[in-house]
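S.K.: Grab the two chains, each in its own frame, and use the hints to assemble them into the complex.
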Amino acid sequence: MESVRYEAPNNVEAAVRLLAGENGAKVLSGGTDLIVQMRLMNRVPTVFVDVKRIPRLSALALDAKGLRSGAAVPAATLYGNETIRKLWPGLAEATDLIGSSQIQGRATWAGNLCNASPAADSVPALIACGATVVIAGPKGERRVPVEQVNVGPGKTSLAPGEFIVEFEIPAPAAHSSDAYQRLIPRSEMDIAVVGAAVALTLDAGGVVKAARVVLGAVAPTAILVPDAAAALVGSKCEDAALERAGQAATAAAKPIDDRRGTVAYRKKIAAVLTRRVAKIAYDRARAR
Amino acid sequence: MSNQNGSGSDRKFKVVGTRPIRHDGLDKVTGRANYGADLALPGMLQGAILRSPHAHARIKKLDVSKALAMPGVKAIVTSADFPEIGSGGMAAGESHIDPKDLQANIMARGKVLYHGHAVAAVAASTIEQAREACKMITVDYEVLKPVMTLAQALAKDAPILHEGRKAVGVPPLPEGDTNIMMRLANAKGDVDAAFKGADVVVEGWYEASMAHQGYIEPHATVVTTRENGQAEIWCSTQGPFAVKSMVAVTLQMDPNLIRVTPSEIGGGFGGKTTIYLEPVAVLLSRKARRPVKMVMSREEVFRATGPTSGTRIWAKLGVKKDGSFVAADTRMEFEAGGFAGSPMGAASMTLYAAYNIPNFRFEGLDIVVNRPKVAAYRAPGAPNAAYALETAIDELAQKLAIDPIDLRLKNAVKEGDVASYGPKYDRIGFIECLQAAKNHPQYKAPLGKNQGRGVGAGFWFNVGLQSSATVSINDDGSAVVRTGNPDIGGSRASMAITVAEELGIPVERVRPLVGDTDTVGYCDLTGGSRVTYATGMAVIEASKNVIEHLRARAATIWGCEVDAVEWRDGQAVGTNGASNNKPLSLADIAKQMAHTGGPIIASASVNPPAAGPGFGVHLCDIEVDPETGRSTVLRYLVVQDAGKAVHPSYVEGQFQGGAAQGIGWALWEEYLFDKDGKMENPGFLDYRMPVASDLPMIDTVVVEVPNPLHPYGVRGVGETPIVPPLATVGNAVSRAIGVRMHQLPMTPPRVLDAIETKKG
Ligand SMILES: Cc1cc2nc3c(=O)[nH]c(=O)nc-3n(C[C@H](O)[C@H](O)[C@H](O)COP(=O)(O)OP(=O)(O)OC[C@H]3O[C@@H](n4cnc5c(N)ncnc54)[C@H](O)[C@@H]3O)c2cc1C
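Residue numbers (our numbering), protein chains in the order written: chain W, 216 to 503; chain A, 291 to 1050.
So that you can see chain A by itself, here it is in the shape it has in the complex (with noise of 0.2 angstroms):
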């Protein structure tokens, strides 16, 4: 797509841009690569958590000690073997956790909050072992009434999930105990007034259920520790500096005595951003004095890990006549599951962060139930958000009788705009993606009878935050790059495309490794799509002061200042004065290294404050069988701004994953509890994620504006992909059955009583 002036955009790339085959790929296709449960230490026992029957209980009695005579049974550990702490914020991803709830959802302390919450565990010599003795731990339950719903939770005779704990944030909050954890509230301009002069309005509650993340592979960790108080942690994470400080904080132990190594990880999607296992084990394993392995099983994910928010939000929108936006209000209630967190400071943020509306206002809520304790999901809060936002502008488009590109175009943010949330954007792609669309060969295809096609539009901000990288030169040579960011979503082919494109050896000549928290340098978690822009960097500038050393070395060996040598296309050339000297390649220098002063190493750091902000725009074509509710995707479509696609099919992956997740969550994909709280659907079989059939190939546009703030233009892009799918085939469902739907999951019923209802 265009490429049109700007930082980076003049750089002629070697390999960026090129599609390598990914340096992990033979090992996973062959089988070998090791996940969280690949590792096996000698003499290591197997751990089992006892979890909660209810979803909202008081713990009056816990009694091990059956369970302690078992055979096999080499340790039992429950909240009582957890330190207290007090509370106080601690940032870890894109969301903030309090240490004494993080430690908390990890072993339940007093209270049980969610069917599935973890209330003991036991290491033993086999699985089976563990598993039986867990049977034998006897629990004295007060069962309470669970509060599954926001409804529920906002009733006035409410049972409360938090006890004496007070609400925080914008006034007026709530007095006393109440399940509301925090409120958020901004406004600008005068909205009212602003209503009252708009031409037409459009509002309504658009309600998405909690998500799953559905990562393959379960969380799983070994642990093993020391005399010396050490704990060595294996496990499968997005952020293994993130889990040695969360293991110390949940522990209050010297984070000096950790060392976390990540191991090849299948899927995290944020949920891999926080910890559940590891301090259970580290604790296990002090215990027995041995190391333990904990492996969950796809229900203990669903009934215990990290989903998103369900959410209610109601919208409203005003416009004029000629479609521009006059004023916006939006209230936010979000579930955070059993303790506070939900990602709904971020979507009041995103909430209006693609347009420019003049006058508007949100509230938003943070509201505890018993439900599993929501965790960091692609984007998050952003999707529930963009799916209230995009649906109202979808019907003032219909009202207007405006095509809703041209709408979305109308009200465009651009660069120089003030983003609603504070900052003034730099150069962004939201117009060029909407055009992109709006010319793509999709949105001219007539539909047929009972098809709808549907338009929406997402926006993520992208994180910079700290990473380190280390890249060293081999004497053959070739060359190593570390860094401290699990590989996701396929950043290491990344990182190696930006060292070859530095340092002009062919990409197959560099080795990508993520390393431990003893071996590389401090990174943030591999999250808020920041590792090929932020930790890419880190590679950049680590690269270029190698060459540094190259050039150091080749005006040694040359007998010349350094000034007089140039790094060109992999070569050290000379120039005035040196130029008769035949330019030496990085093999050739690499080859006398050990004469010219040692090895060749360099590392570098960064911690850029911000980075450009991602803008996608998705099509999505649907069919309905109006006689049974059920949607069939015809055609989808993602465009979105990657400013500088390093490896194009892997930008094209994310584009096409993260459309995959939104179309799953729109349309089959929802947690379903009986009365009493107890999830009904803990598997893939009716927790229903998109197989490869339900989905047509997706379609993607890579447009390249660059980022100003990063030296190839990149932007981040794995998370965007997320945010409009919810509306876009929520529109597409609407306009083809004619009728406005404001509930996901679109599940077949769901549809068929909305078609039923308008013909009355």
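Excised from the complex, chain W in its bound form (with noise of 0.2 angstroms):
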């Protein structure tokens, strides 16, 4: 019979050692993904590194600089912040669609991460606010944006021995919002069809500077969509601006047909939600 081992280290160093040291060794944060994937499809670890007691993955600061954020804090704790609330909506919305209050309870940023699910529901609304991760590993630490860590469906471009230590979110420029919507038959507890996510900064005169849009659930990994984003910049989110960034989301698409839905539908949905949520992440940029 196989058996598992668990360790719960209380530094950095010590984690990278034993994530270093064995293949079959896995970074346990929340285990709302990694325990039921044990249960569910028999993938059973050598080792459970358990993250939590590491002090740096559990702390929390913001400042003017922004966000730091330990890879083991909660969903819970983050979208329950005011802070956070009020300076990145959108991925505070995001974060708390994971799940239940049970799940939330548990569930990290870093595991939706690293799980690699092409639908994860905070991995766009990461990408969109501009995160960057800061991976410890062997060869000491490195920083990353949130966009590079997902190569494919399960698969993360981290080294044997890295892991992730902190999330870092620059503060938003003036007149900045975001916003992630996700498409699901039922209402929650179901996973994300299409999600998109929309980061938007304005000018005095309510012009849209800067965007970043990000689709979730319609390719391998969460996807930037210049094109879309582009579409945005110098318009107001007037009806023909969203329509060309709708366009847009549609064209980067590149979905598979699975149970949880068809190409085409998943493409058609792309440019609604791509519509709504930039017009939502615009009006909350108009209010600030």
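It is possible that some hints are incorrect.
Subject to a maximum C-alpha distance of 30 angstroms in a straight line, what follows is the list of computed DSSO-like cross-link-like pairs (lysine-lysine) [said to hold, decoys possible]:
| no. | chain 1 | residue 1 | chain 2 | residue 2 |
| --- | --- | --- | --- | --- |
| 1 | A | Lys401 | A | Lys356 |
| 2 | W | Lys370 | A | Lys968 |
| 3 | A | Lys739 | W | Lys451 |
| 4 | A | Lys606 | A | Lys446 |
Listed next, the stretches of chain A that the computed footprint assigns to chain W, with coverage defined by at least 3 CB atoms under 8 angstroms from CB atoms of chain W [as the list claims (entries may be wrong)]:
| no. | segment |
| --- | --- |
| 5 | 914–921 |
| 6 | 977–988 |
| 7 | 1036–1047 |
Simulated from the structure, these hints should not be mistaken for lab results. Beta carbons: idealized from backbone N, C-alpha and C, even for Gly.
M.R.: Structure representation (structure tokens):
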């Protein structure tokens, strides 16, 4: 019979040693993906490396430069933070969508990202906000934009022995905001058929200066859609600009047919959500 | 609501109609209640089942030798360990099962008929060892082309699931090998002529997906066997006596050797009226000479246990301009799963039952496909049939520009009408339900943009069948009531309320128990909405028999004739000649039991041949997002005739639960198979039953038109609530988008397609 070990190091170096030491080692954050997959798909690691006891991974710091969040901070703490909700309402709403209250008490951004599901809800919102991860590994630490972490379904660019220590999100410029929506047939406890995140910065006159548009569940990883962003820049998110952004989203979407949606449906919804989410982000940015 | 005159209605109830806390509630909310998987016996082994990876294949060779040599393995069972049995029908709840089929569904013999069909079972010291050993069993399959849909099953060159098996039923029957297992047909009047005389006719195909009952507790059993052949079975079931007879027939053993104890049950909805694990565990236990536990995973529940049928129904309905129905014609195709026995028969009987239709015809086909064998699910067959008919009625209402409730009122059956399936209706409450729906504030609430309101109605027979009950009195004046019906819907509370009502004691002083097959009298299973009705009648009778004892004891104490003692408000009261005695409470008499004749206990049994049918009317308000096709249920109302609500909260709970399941079936739930016939969504993540946030609070109106067959006027209420929702929700969506939907579930892509097709 297989046996599983459990380790809970209290510093980054010890965690790196454990992870680098054996192939079957797995980082355990909230476990809401890992434990489920172990039970359902019989994917049993040789050792769970629980990173929740490392103080840096549970720390949360907000200052003028932005947010620094330990990788093991649970969703409930993140969206429960009023400042986070005010500065990044889209990221907060994406985080709030993960599972149910019970799941959110455990689930983390790092787990959502490193599980590498193309449908993960917080990932498009993190990318839209320009979030960066701090990765620790046998060769020390490095910083990488979130959009470079996932390389395919279930696959990350992390090297053996590496794990995510922190998220850094730059403070939004004046007149900025973001939004996220996903389409699911039900109202919760479901996996995004399509997800869309938009972050915008406006000038004083309400014209979009900068935009990031990200789609989830329509490609092997969450994707930035520069053409959609370009359609919004220079506009006040009038219908015509939204329409163009939507078309760019449809064009960029490369989804698959699966039990959760068809190619044709997902491409259509990519446009619908892009339009809607851009409008919400715009209205929020105007109000700031 | 209204409570017109009739049997039971003039009686002033004290406890019936109140809402005490259920007796089993505390253990359930604290986690103490013992469900099927909770029992552990010393030396107990764990059983696992090897299931077919193919939807349709012949088993050419099965070799368990390597698995037997694995560590911890104590026994392995295959179909070779089951006795060969002949065919012949056997009643099991609401459907008839062929014992041979029942056995072959439990353990595949020769052929596997769906992905997940059991082919072998292992008992080992740990569940991991049992699972590892399953992997070491080698099975040589000749893979056959799977038959996944009704169209594929009926195709000319369709692969045949059961070679050599002939269709039965009403001719003309297909010649030669066929996947049609049964054909039913009937007609009244001159249908073709009547259609010619109709002013408006609608017709169409209506499709519904196979749907699972979705009980939260997976199937589970523990079995121990003795050297003398006895088998003790603990399991999660709706019918311990049914398990006993089904295990006896599948293993060809003397039923007297079997004792079945039902565990607390975490939902059944009909799906636990049949057996899957129990005979396997008996055989494993016999071979290993140890107790064996078997518990299914959710995936196994989806792949291998009872959904209800997916259907294709063609329906045609004709009316006069004034809205009176003149003719109906229907062809129903039911997926039976891998073995014969869909609820097509019940569907054909309920199809026209709610309306007066002078000329009608139907044809129904029971068709095997390489999907799990269907089992009973809440009013089996009726929701599928009602989906077709109630949608057609809605289309007619739109064409005639008549209010959909008025159109139903115009044709609704009432007392004295002859039901389409034969009998004459006694007192029924369909008209009252339609009127209550029409008068409800929801029916007048304004609708916004992209919103639609659906109306739908439903009928279910309900059944009586055999029940027994025993009521005993403790020396402190409290009472115990024992029956053999597992409590899936709050029935223990109803049984306790009944005893409290009859004996005149507080309901908290009555303990309701569900016994095993050796400790209680025979009870047919918990199903057919029968427990509060039929078992409740046995409890009333048993309580009355107890009262006879109590009167006799009072007479002994007073030294008078029994005739001079009356039982009034929980007391023995003296009359003619004995009236100067101080009345004796139940507690007073109980205290003196030992001196007046010993313990007080009485039993009763009933076998009512009929039950009062239940009618319901539902309203659903839905908003459809025109850009995504996604539906949101805004408001939902269930109106149903309960006859008399013994515990109104549980009546309302049944209404709401049935509606919730029906809404899920209409909007989200479906079986998805890949091209090889492998189910792609065997879990609650992608088999989308509604979660709490998907539904509004479902409003209820309990109509009480007393059932003349029951002393309190009770009607069964458990099944009718799932009959109307498919059409009700469908009609709401169709009206919201202005396009008639013909296929369930109405998922966002399907609805968006319909919207875009309309736009052109
Ligand atoms: C009922 C239910 C509902 C759900 N609903 C949603 C939903 O609506 N939307 C959604 O997006 N997800 C959903 N999920 C999935 C899951 O909850 C999220 O992906 C969650 O964010 C995972 O975080 P975790 O901390 O629990 O990850 P874990 O399970 O601990 O880890 C997941 C993966 O990430 C790796 N990992 C974890 N932390 C690190 C780290 N610091 N560095 C490197 N690798 C790491 C692990 O090794 C593992 O491979 C749901 C899950 C369940 C059980």
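S.K.: A separate judgement is required for each hint: does it hold in the structure or not?
M.R.: So, going through the hints one by one against the coordinates:
no., hint, in the structure
1, Lys401/A <-> Lys356/A, "22 angstroms, holds"
2, Lys370/W <-> Lys968/A, "26 angstroms, holds"
3, Lys739/A <-> Lys451/W, "27 angstroms, holds"
4, Lys606/A <-> Lys446/A, "26 angstroms, holds"
5, 914–921, "holds (count 3)"
6, 977–988, "holds (count 5)"
7, 1036–1047, "holds (count 4)"
When the structure is compared with the earlier hints, no violation turns up for any of them.
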